[in-house]
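Take the sequences, apply the hints, and build the full model.
Residue numbers in the sequence shown follow the working numbering, run continuously in steps of one, and reach 437 at the last position.
Treat the hints as calculated values from the structure; they're not laboratory data. Just to be clear, a hint being listed does not mean it is correct.
[Unchecked claim] In silico BS3-like links for lysine-lysine, alpha-carbon gap of 25 Å or less:
| id | residue 1 | residue 2 |
| --- | --- | --- |
| 1 | 252 | 9 |
| 2 | 25 | 9 |
| 3 | 25 | 7 |
| 4 | 252 | 25 |
| 5 | 283 | 317 |
| 6 | 7 | 252 |
| 7 | 347 | 283 |
| 8 | 347 | 112 |
| 9 | 317 | 347 |
| 10 | 283 | 252 |
| 11 | 63 | 112 |
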Amino acid sequence: MVIFSPKQKAIASRIEADVVADTWKDWRWQVARAVTEIDEFERLLGIEFDAEERARLDETVRKFPLRITPYYLSLIDPSDIGDDPIYRQCFPDPAELYTDPGDMTDPLAEDKDSPAPCITHRYPDRVLFLVSNLCAMYCRHCTRKRRVGDVDSIPDREEIDAGLDYIRRTPGIRDVLLSGGDPLMLPDDYLDWILTELDGIPHVEVVRIGTRAPVTLPYRVTEDLAAMLSQHHPLWVNTHFNHPVEMTTSSKLALRRLADAGIPLGNQSVLLAGVNDCPRIIKRLVQLLVQNRVRPYYLYQCDLSEGLTHFRTPVSKGIEILENLIGHTSGFSIPTFVIDAPGGGGKIPLMPTYLISWATNRVVLRNYEGMICSYREPDSYEPAWCDRQCHTCDRFLKLEGADESQAVGICQLLSEEDPTIALIPENTARIERRDGS
Numbered sequence: 001m002v003i004f005s006p007k008q009k010a011i012a013s014r015i016e017a018d019v020v021a022d023t024w025k026d027w028r029w030q031v032a033r034a035v036t037e038i039d040e041f042e043r044l045l046g047i048e049f050d051a052e053e054r055a056r057l058d059e060t061v062r063k064f065p066l067r068i069t070p071y072y073l074s075l076i077d078p079s080d081i082g083d084d085p086i087y088r089q090c091f092p093d094p095a096e097l098y099t100d101p102g103d104m105t106d107p108l109a110e111d112k113d114s115p116a117p118c119i120t121h122r123y124p125d126r127v128l129f130l131v132s133n134l135c136a137m138y139c140r141h142c143t144r145k146r147r148v149g150d151v152d153s154i155p156d157r158e159e160i161d162a163g164l165d166y167i168r169r170t171p172g173i174r175d176v177l178l179s180g181g182d183p184l185m186l187p188d189d190y191l192d193w194i195l196t197e198l199d200g201i202p203h204v205e206v207v208r209i210g211t212r213a214p215v216t217l218p219y220r221v222t223e224d225l226a227a228m229l230s231q232h233h234p235l236w237v238n239t240h241f242n243h244p245v246e247m248t249t250s251s252k253l254a255l256r257r258l259a260d261a262g263i264p265l266g267n268q269s270v271l272l273a274g275v276n277d278c279p280r281i282i283k284r285l286v287q288l289l290v291q292n293r294v295r296p297y298y299l300y301q302c303d304l305s306e307g308l309t310h311f312r313t314p315v316s317k318g319i320e321i322l323e324n325l326i327g328h329t330s331g332f333s334i335p336t337f338v339i340d341a342p343g344g345g346g347k348i349p350l351m352p353t354y355l356i357s358w359a360t361n362r363v364v365l366r367n368y369e370g371m372i373c374s375y376r377e378p379d380s381y382e383p384a385w386c387d388r389q390c391h392t393c394d395r396f397l398k399l400e401g402a403d404e405s406q407a408v409g410i411c412q413l414l415s416e417e418d419p420t421i422a423l424i425p426e427n428t429a430r431i432e433r434r435d436g437s
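Now the structure itself:
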């Protein structure tokens with residue numbers, strides 16, 4: 001099992017003389033020696049940029065800082081810099097300086113949907129809890145580029161307490177997603193404290209951690225960390241592999257430790273031009289993920305954050321990739337392709353169209369091969385036990401005390417107990433005419 005390759009040894013020796021495998025695998029050593037300067041990047045990889053390109057790179061780094069762990073740096077192929085998927089994800093590109101007219105500083109309106117420090121509350125029953133502003137590496141496609149390197153936005157314990165207090169006094173929250181930054185960049189005891197506080201909130205049913213540590217700093221997933229996390233079930237971890245080459249021996253070990261600790265694992269990939277916008281790449285990636293006990297969760301269309309224009313693909317590319325997955329590999333290997341709606345609308349799933357037509361009691365469908373078939377629906381459908389009077393229902397539903405939250409959005413229109421018959425946008429010309437404004 002190779003865990004300290006000749007290439008890694010060469011990079012390590014250029015950082016510090018006589019580095020041994022145990023030192024290389026020390027995650028704190030990796031963080032302390034992260035590459036933050038272009039000169040250091042050139043020296044460690046033995047490459048050199050010409051003067052004109054270097055000037056543009058310096059300009060880019062001044063706006064969007066550089067940070068790469070020695071481990072992730074070692075995955076770059078210096079002989080193929082132009083097409084290397086690792087290089088594209090971690091090293092600045094002057095294209096980041098271009099701002100498209102549709103780009104936004106905070107495209108997901110996370111700051112606007114923040115009712116308390118460190119909290120984004122968008123969906124009815126769950127919140128995003130930004131517990132850290134630190135990352136092992138600054139990904140060039142980060143949707144939160146506005147915060148990268150901003151030491152003034154690192155949450156302190158008082159702000160974390162305020163976020164916890166909001167969760168405590170909001171009983172509709174049953175799911176908390178810890179993100180940042182990267183929650184695994186926190187010390188074990190500090191993360192343990194946050195998880196313990198959440199464990200003590202009766203209405204919080206599940207906690208999730210979003211992390212890229214198994215990809216960019218797999219040595220962070222120590223046996224001690226896995227043991228600590230195992231004390232906080234039900235706990236889920238979602239990681240962020242974008243390309244098969246990231247699935248190294250060290251990454252597999254990190255995933256194994258988490259899975260062996262009883263933690264369900266998911267993966268969220270971002271569709272990136274020049275990195276993974278190829279059905280063959282994504283197919284191999286999802287197969288490697290499930291082989292390592294990670295369920296592909298989301299495939300994201302790249303967000304409209306500033307500096308990401310060169311990474312964005314047409315939505316049709318994502319649909320093409322899904323067409324090459326559905327029916328062509330295991331169903332549980334297929335992620336949901338989503339757009340995180342600009343303006344804070346949340347994740348919108350997109351799928352190829354399999355419903356071709358629809359009549360009174362028959363639907364016409366197609367499969368992945370192009371086979372077309374019809375499915376006959378019942379001539380009449382009258383549920384034997386449901387009278388559709390949800391607001392007075394006392395049927396034996398076996399919900400075990402589940403909370404029936406107020407219907408929102410499309411569910412509101414489908415609800416028998418809600419009188420709403422239309423959802424009407426504000427400030428349309430028709431509404432303004434009605435109001436006489």
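Each hint, compared with the structure:
no. : hint       : result
1   : 252 to 9   : holds, 20 Å
2   : 25 to 9    : holds, 11 Å
3   : 25 to 7    : holds, 14 Å
4   : 252 to 25  : holds, 14 Å
5   : 283 to 317 : holds, 14 Å
6   : 7 to 252   : holds, 19 Å
7   : 347 to 283 : holds, 22 Å
8   : 347 to 112 : holds, 17 Å
9   : 317 to 347 : holds, 18 Å
10  : 283 to 252 : holds, 18 Å
11  : 63 to 112  : holds, 23 Å
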